[in-house]
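**Student:** In case you want the letters, here they are:
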Amino acid sequence: MISLERITKSYEKELYKDFSYTFPTEGIICLFAPSGYGKTTLFRLMLGLDKPETGRVIGMDKLRTSVVFQEDRLLPWLSGKENLLAVNQDETLCEELIEEFGLQEDILKYPDQMSGGIRRQVSILRALLYDGDVFFLDEPFQAIDIVKREEIISILKKRLRGKLTFFITHHLDEVYAFADCMLILQGTPLQVKQTIYREDFCSIECLYEKINRYSPYCDL
Amino acid sequence: MISLERITKSYEKELYKDFSYTFPTEGIICLFAPSGYGKTTLFRLMLGLDKPETGRVIGMDKLRTSVVFQEDRLLPWLSGKENLLAVNQDETLCEELIEEFGLQEDILKYPDQMSGGIRRQVSILRALLYDGDVFFLDEPFQAIDIVKREEIISILKKRLRGKLTFFITHHLDEVYAFADCMLILQGTPLQVKQTIYREDFCSIECLYEKINRYSPYCDL
Amino acid sequence: MNRSIMKNKQKKYIRSLCVALFWICVWQICYWVVGHEVLVASPFDVGKTLWKNAGEAWFWQVIFHSLLRIVKGYLFGIAIGAVAGVLATKYYILYELLYPMMSIVKASPVASFILLTLVWMKTDSIPSFISFLMVMPIMFTNVMEGLKRVDTDLLEVAQVYRWSLWKKICFIYCPQLWPYMAAAATMSLGLAWKAGVATEVIASPSFSIGHKLRDSKIYMETAELFAWTAVVIILSMLLEKGLAILLRRIQSTSRRKIR
Amino acid sequence: MNRSIMKNKQKKYIRSLCVALFWICVWQICYWVVGHEVLVASPFDVGKTLWKNAGEAWFWQVIFHSLLRIVKGYLFGIAIGAVAGVLATKYYILYELLYPMMSIVKASPVASFILLTLVWMKTDSIPSFISFLMVMPIMFTNVMEGLKRVDTDLLEVAQVYRWSLWKKICFIYCPQLWPYMAAAATMSLGLAWKAGVATEVIASPSFSIGHKLRDSKIYMETAELFAWTAVVIILSMLLEKGLAILLRRIQSTSRRKIR
Amino acid sequence: GCQPSKVEDTAMENVGKAKVSMAVIKGPTGMGAAYLMEQNAQGLSKNDYTVTVAASPDEVAAKVINKEVDIAMLPTNLAAVLYQKTQGSIEVAAVNTLGVLYLLEKGDSIHSLADLSGKTVSMAGQGAVPQYVFQYLLDKNQVTDVTIQYMTEHAEVATALATGQADIVVLPEPNMSGVLMSDTSARVALDFNQLWAETVGEESSLPMGCVVVQKDFLENNKEAFELFLEEYENSVLFAKEEPEQTAQLIQKHEILPKAEIALKAFPNCNIVYMDGILMKETLEPFYELLWNANPKAVGETMPDESFYYEK
Ligand SMILES: Nc1ncnc2c1ncn2[C@@H]1O[C@H](COP(=O)(O)OP(=O)(O)OP(=O)(O)O)[C@@H](O)[C@H]1O
Ligand SMILES: Nc1ncnc2c1ncn2[C@@H]1O[C@H](COP(=O)(O)OP(=O)(O)OP(=O)(O)O)[C@@H](O)[C@H]1O
Ligand SMILES: [Mg+2]
Ligand SMILES: [Mg+2]
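Residue numbers (this note's numbering), protein chains in the order written: chain P, 1163 to 1382; chain Z, 1163 to 1382; chain X, 7 to 265; chain E, 7 to 265; chain V, 1138 to 1448.
Bear in mind the hints are in silico, worked out from the structure with no lab data behind them. Since this is a predicted model, take the numbers as computed values, not measurements. Nothing false has been slipped in among the hints.
Straight-line distance between alpha carbons at most 20 Å, and here's what the computed EDC-like set of lysine to aspartate or glutamate pairs gives: (1) Z:Lys1325 - Z:Glu1188; (2) E:Lys13 - X:Glu102; (3) P:Lys1213 - Z:Asp1274; (4) X:Lys58 - V:Glu1437; (5) X:Lys223 - V:Glu1290; (6) X:Lys13 - E:Glu102; (7) E:Lys173 - P:Asp1293; (8) Z:Lys1213 - P:Asp1274; (9) P:Lys1175 - Z:Glu1261.
One-sided excerpt, in silico: chain E residues whose CB lies under 7 Å from chain V: (10) Val44; (11) Val125; (12) Ile224.
Examples of chain X residues toward chain V, derived with CB under 7 Å: (13) Ala209; (14) Tyr225; (15) Met226.
Using N, Cα and C, we set each Cβ at its ideal position, and we do this for glycine too.
Please model the complete structure; the sequences and the hints are all you need to start from.
**Tutor:** Laid out in structure tokens, this is it:
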């Protein structure tokens, strides 16, 4: 079980202050908050890439993490395939995943020869290939077209079953299609205003309405 | 009037072959095509950043261009404000726009201190501040939250009135909210399969259906 | 806040002192091990000699003249190397012409054309010339390397927003060239200084550290020799420190973070 | 395809030839302008001397021994400079200790401790040692600079995916350090060569280019002097070319694009 | 053998011979030892010598300080300096080279020091023996209006003469041979050795090179050293009698690069063997001259009695 204990973190403005939360042990959790309010910062804190000023993150020590960063962060001097194998030597799994994503051709290119969407898919592939215990996906579907996105979501759903996944997005259709639970955060310092579970999603429109009702952004 | 004349361009696979098209003189034109099929490449051809193998782009010579690249491409050694002023010294317009976007605080930071969404907004601001004759927006709303996105769309609509804008996105809600006309492209080499005008958008759902009906991605 | 900064500075000085003491101890041990005053002078003797010399006016004159000569060559080298690097990147034909010349300059032993230079130049300007020759190819190489690695993505931004050449230079080229040029400037300072002094040893203009070094070597006055060597080293360190401060100041006033 | 490559190669050779001719013309003009055979030998005489010498076995022996000596020092300098750079970046205390030493090495004139080196080393190894001293600080500075600029974003990737140190070195550090190390290696090759030969002139081990330079200078055999200088320059260019090819090969076999 | 400091191999017939290590500098001071080196190489010498042919006085000085060599051939002034710097641990045993300085001119106007009056003379070696000697000679001969233009290196002076930038120059061997070989219009006008004799006294000569020996070595190997002196004297005599053969040996042992040069330089190098009282009487006025000009040139104090070796 991963939990945050009275975390404080600030850059100029206070992003988190005495923030505590305990996450469920599995499922896809969507973090939904306005731009620049600290979602990526929370990821960094949990991954140990940043230290909180006070408080601590519990339960992450022994977990292997798969991360899709907000930027692609592929190694520019390795081809797509090499980028994947750098993370896990398992050739068969790699081939299998590449085929599932339909990237047989593009994977041989170098990152600067790929289109934005393909780079993004390779990032996701890298996370899947490493197959960590917890997944951190920071806007993973940026620049990926609608059809591909649906395919990838169904692949991810299959492969992430039983694991814990954190997922950041600004698109309700992605939340609707992918998340099991949606944490709506707002305010400075950031706080959890609302938790909506899959069973309460009903439809995209109704999700949209729910969010509007709680007007998470009214304090902008 | 901007038009493409029998353009051919290929990387390994042929992206464009004898591609001709004449764009309208104003309005927001959305290019809708799968990832990695050549949208960004088309922008680069039109901007003169890439040369077509055969054919030519007509009517771009004397036009000033405002571009939001698919990546942010802010100068990392300048603060947000400095990045803006590098493009246009007009302080008052700059202040006005910053205020409209509500970025008074964040604009003083350096790109590596900004969140993804804020960097994106600064890119859009830069394009607006330069105020070119033609706008090229390559997925401009990546990483921007829903409320902010709506605000920005309305600002853009106001400021881009009477100009020609090219706009790439993978989100139908953005198309619905922003575009005047939608070019659906498909195939390798890429071809225009369908043009849908604003008056035929009806609603997002019906847009989604229309696209599905023409199944632009069925040849994937 | 202010107090903690002061404390920090104090700490730094103390650490520098410790390092200096460490190296002086190493020196003293060397002295004991070697056991010949003629080969290695003791730090104590050297200190005494330095102290004695520092009281005299000519000491400072010698230093001043040597400094002037070498810094002149160094600055020219920096400037011309940078300009040549830029031009050679821009015009390929110039590269073809300049590259072999740079190789020649880098490789040809000073001894070979010191005769030539002696005929064409006054003894006074030879050390300048040699330190110039030392610095120029380093700057040239680094500027070319830096220009090769300028971010093309950002150049495209400049292109679509129709930036003037001047703006491009200020906002894109300079910040990216900066680390390469700074590295070249730092790296070559010591080398120019050493080569300049070495040339002074050969060409021996009358007010020069090299002249003093030569004399103390001929007469085997090891303490004097070491004292002058210490002067060379200390001056080099001071120059480097000064350069570092200067570079940092230029960088911080113009732009913050240069990757 | 193949033919066009061949044609391209031909073109390149022709161009190189043109450049060489250009510089030889400049030389010939210098010769005419100066008008003293003792000062500037004519290209023709130098060519003749070279041709004559090239027919003799000792010529190649001399070259071989000089090369061996200097390349040895160069390689040591590269290796130790790189290691020192890495360690100094990793352990701050080492930086504090090494940095002044590097400044001393960079700045202290060889003449000062030639007596010391003469006592401790055979004349044969002094040129190696001096070229070592030339290369090491350059490598040190560049490696430190390169390490300072390693992309932290990519290091974070390595951290979250729990890469071993080895993997990090192979995939992140090496590709990013590469250009800095390559620049240092290229830049210092010529300098090491020159400094090595200059030291040979002073220490004059018997089979050495420096010795030959010295003799031809004392006996005013200007053609000989220029011929040996030409040998030094040609060798330096060949070494540089060889290094460039080697670097390119290493880079292309291991990884394609290194920014 | 491609060792830089050539170590002559002594393979055979060395039983019972004393081992002696010796350093020689390339150039005039080493020329007299060529025959000895050859004998040694063939195993015919009375001691077993290990000979180092060094490129520069520095190298020999370092070896003397470090007691790596027992016997060394050095410039005379360096011998005095080393004597002081090593607290008197060496002795000078013989003078082996006399004056090697010459005054050259293009033309035919200088035949005595007095002719220099009003002329400009170019030379190197400011602050060193050449300056002190030349100045001394001028002073003693009351020639006061000579302009001396100092250059940095002997090679530069030679070039200046060859290119006509200077007409009258002072040069030592072997640079002088270099000039004479490449420039036929230059003429040796004055021989400093001769001038010295004329100025100081008929018996005196200008000592430039000498043989020194470590005191420690002497204590235990007096006989071996006596043998050496004997052999060395022979070697010098041989050189004087058989210049052609010696020139070949000089080339062979890399004291000078070519036999022709050696042959040409030979008469100008004034190789001698001079020991005992004669040596002392030759050296003392010379050291006094240096000391008067600049005490540092002899190591701050005049060498005392124990500097001079007595048989
Ligand atoms: N290194 C830094 N230095 C200064 N401020 C920083 C730094 N990193 C982040 N910030 C600030 O912290 C805030 C939160 O940043 P963060 O990247 O976590 O936002 P986010 O929620 O991920 O936004 P987005 O949806 O736009 O990615 C931003 O206002 C940003 O300016
Ligand atoms: N420099 C290059 N070298 C080789 N191939 C390239 C290069 N640039 C682009 N391509 C290829 O051209 C194709 C089109 O790329 P482009 O960036 O135009 O796609 P896109 O339509 O913008 O996709 P996305 O929506 O993912 O951004 C891709 O398959 C890409 O691999
Ligand atoms: Mg973020
Ligand atoms: Mg794109």
